[in-house]
Amino acid sequence: MPIDFPSEEWTVAYREALNNSEAYREAGKNWTHGPIALVVKADPAIGLEKDTAFILDLHEGVCRKAWLTEDMAEAEQQPFCITGNYGQWKQVIRKELDPIRGMMQGKLKLKGNLPVIVRFVKAAQELVNATSVVDTHFLDE
Amino acid sequence: MSYDSDLNFTFAHTPKLVFGAGVVSELGSTVGEMGFSRAVVVTDSFLAEKTDLLERVKKSLGPRFAGAFTGVIPDPTADSIDQGAEQARSLGADVLVSLGGGSAIDTAKGMAVVLTEGGKVLDHEGYHALTRRQTPHLAIPTTAGTGSEMTMILVVKDPARGQKTFIGSYFLHPDLAVLDPTLITGLPAKLTAATGLDALSHAVESLLSTLRNPFSDACALEAMRLIDANLLRCLEKPDDLAARGQMLIAAALAGSAFSNAMVILNHALAHTVGARYGIHHGTANAMFLPLTMRHFIDVASDRLALAARALQIDGADGPDEQAARALADHVARLIAAAGINDRLADYGVEENDLPAIADMAMSDGSIIYSPKPVFDPEEIVGLLRQAL
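These protein sequence lines are chains A and B, in that order. Per our numbering, the first sequence starts with residue -19, numbered consecutively. Per our numbering, the second sequence starts with residue 130, numbered consecutively.
Here chain A stands alone, though its shape is the one from the complex (with noise of 0.2 angstroms):
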C-alpha cells in the first residue's frame, strides 16, 4: 500500500529503510555534522496546507531518529536545512534531480554550510537512494 508523501507513516518508512542500506552506512559513517531538516513548502492545492519538514538526525551512517513537524523555527534551528516545494522533492525521490545539483542551482535552499553538505556527495546520493524503497504515494497523481 503506497505511503503519502509527506507523512509521518512515511517518515517512519524511510528511516528503517535508511538503516537498512548498507550503501548509506558506508558513505555516511564520518558524517557527525547534526541533524538535517528537509522543508517540503506548502502547496494548498494538493492539500499540503502547511510547510511541512522531516528532520533527520543523521549520525555516523545512521539516521538515530526522524521526525515530522510543521514548526518552521524547529527546522531552520538545525544544523542544516534544505527547502523545496513539493514538485522539487518529487523530482528528488524520482532520481529526477540530483539533490546537490538543485542546491547549485537554486531549486532547493540551504542554510548550513555547504562544503560540509558537497563533502558527503555519497551519501546525499544515498539517502536518495533509499526512498526509492518506500512505496510512495505523491499527493499530486
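These are calculated hints, taken from the structure and not from any lab test. Among the hints, erroneous ones may be present.
[Unchecked claim] No farther apart than 20 angstroms at their CA atoms in a straight line, the calculated lysine to aspartate or glutamate pairs in the DMTMM-like style are these:
(1) B:K249 / A:E121
(2) B:K501 / A:E106
(3) A:K9 / B:E162
(4) B:K188 / B:D208
(5) A:K30 / A:E106
(6) A:K9 / B:D493
(7) A:K70 / B:D488
(8) A:K102 / B:E508
(9) A:K9 / B:D304
(10) B:K501 / A:D78
(11) B:K145 / B:D223
(12) A:K75 / B:E480
(13) B:K145 / B:D304
(14) A:K102 / B:D505
(15) A:K102 / B:D493
Since chain A is already given, all that's left is putting chain B on it; use the hints.
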C-alpha cells in the same frame, strides 16, 4: 560537441557591466543616476595608502562619497566582514563600492548581507537561502583574475571552526561591475600572471564541469581566447590598455562561466596546496592546469578540442583527442611563458606528503563537478607527483 537531452540549467550573472579606459571617472554620476547618495568604498589598506586608486574613486564619487572601509584582508574572515558592515552602517551607507581583488569584492558582498539582514555574516551561511535584494553593491576589480564581480558567491573564513564557508545567492551578484583597465596597469608581473591564469583555470574548468551549459561554455571559450591573446602582452607591456582591458573582460567572462558551471578537480588541488603550503591561488591553479586537462581528455576531448579550435592553435584541426592534447601542451607553454614555473617541491612538498594532500583534495567540494568521478586518492597522487 553536443549537449545531453536532459540539459537543464539556470544561468545568472551581474546585471550590468560598464567597460572602458577611464570609466571609473563616471562612477559618481552613475551612482547618482541609480539614486544613491552615500557610497562607502570597501578596499584594503595597500590600495588606500600606497596607490592613487581610492583617491580616484573618491574624486569621482564627489559628495556621494560617505567614507571608506579599508580593513579588507586576504581571505576575508567573518569578523572582518562584520566590522566592515558596522562601519558602513555608522557611515549611513546606501550603496557599497568594492575596490580591489576578490577579497574586497567578497567582503562587500558579505557586508551587504549584514546591512540588509542584520546579525552577523555567518548567520546567513547557505546556498540560495536569501530571499530578497541586498544592499546595493558596485564592484570595481583591480585584478583580472577572480571574476568575483560577476559571481553570486562569497567565501568567508571562519577561524573559530578552522574552515571556509560559502554564501551563495542570486541576490549576491553586484548590481554593477565597473571594468576600467587604467586601474590595473600597476599590477606587478607575477600577480598579473597568477591572476590571469586563475581566470584561465576558471574558464577551462567550467568548460569541463558536469554543470556546464551553452551559456557558460560561450563565456568560457571567449575568456580562453582573450587570455591566450592578451596575457603575455600585459606582461611584456604593462601599460598596454587594450591588452589589460581584454584581460579584465576575460576574467569577468570566466567569472560568469564558473559562477554558473562551477570549477572542478584543478581548484580542489589548488585550494588544498594553497591552504597547506601558502601557495598563491592563481599560481597553484596554473601548476595543475595542464595536468588536469590531460587527465580528463578521455572523457572531455570534444570540449577541449572545441577550445583548441577557438584559439586556432596548431594541431586544432586534427581529431578531437589530438586537438585536446595540443591544447593542454599549448596551455603549459603559455603558463611557462608567463613566468609560472613553480613546482610543488619549491614549497617544501615531498613525495611522502602527497597522500595527505590527495586525501584533503578528495574532500574539497569542487571535485564533485569533474567530468568523471574521482573516487581514488591514488589518481590524485599520480597528478600531484607530476607537479612535484
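Status of the hints after comparison with the structure:
1. Our distance criterion of 20 angstroms between C-alpha atoms is broken by B:K249 and A:E121, whose separation comes to about 43 angstroms.
2. With a CA separation close to 19 angstroms, the supplied pair B:K501 and A:E106 stays within the 20 angstroms bound.
3. At most 20 angstroms may separate the alpha-carbon atoms for a hinted pair to count; A:K9 and B:E162 exceed this at roughly 56 angstroms.
4. The hinted pair formed by B:K188 and B:D208 fails the criterion: a straight-line CA distance of about 29 angstroms is larger than 20 angstroms.
5. A hinted pair counts as satisfied when its Cα atoms are at most 20 angstroms apart, and A:K30 with A:E106 does not qualify at roughly 28 angstroms.
6. Among the hinted pairs, A:K9 with B:D493 is consistent with the structure: their alpha-carbon atoms are about 18 angstroms apart, no more than 20 angstroms.
7. Proposed proximity of A:K70 and B:D488 is contradicted: the alpha carbons are some 35 angstroms apart, above 20 angstroms.
8. Restraint check for A:K102 and B:E508: satisfied, since their Cα atoms lie roughly 18 angstroms apart, inside the 20 angstroms limit.
9. In summary, the hint linking A:K9 to B:D304 is not supported, as the alpha carbons are separated by about 43 angstroms, beyond the 20 angstroms threshold.
10. Between B:K501 and A:D78 the alpha-carbon distance is near 16 angstroms, which keeps this suggested pair within the 20 angstroms criterion.
11. Straight-line distance between C-alpha atoms of B:K145 and B:D223 comes to about 19 angstroms, which keeps the hinted pair within the 20 angstroms bound.
12. For the hint pairing A:K75 with B:E480, the CA-to-CA distance comes to about 41 angstroms; that exceeds 20 angstroms, so the pair is violated.
13. Distance hint between B:K145 and B:D304 is fulfilled; the C-alpha atoms sit about 7 angstroms from each other, no more than 20 angstroms.
14. For the hint linking A:K102 to B:D505, the alpha-carbon distance of about 13 angstroms falls within 20 angstroms, and the restraint holds.
15. For the hint pairing A:K102 with B:D493, the CA-to-CA distance comes to about 13 angstroms; that is within 20 angstroms, so the pair holds.
When each numbered hint is compared with the structure, violations occur for hints 1, 3, 4, 5, 7, 9 and 12.
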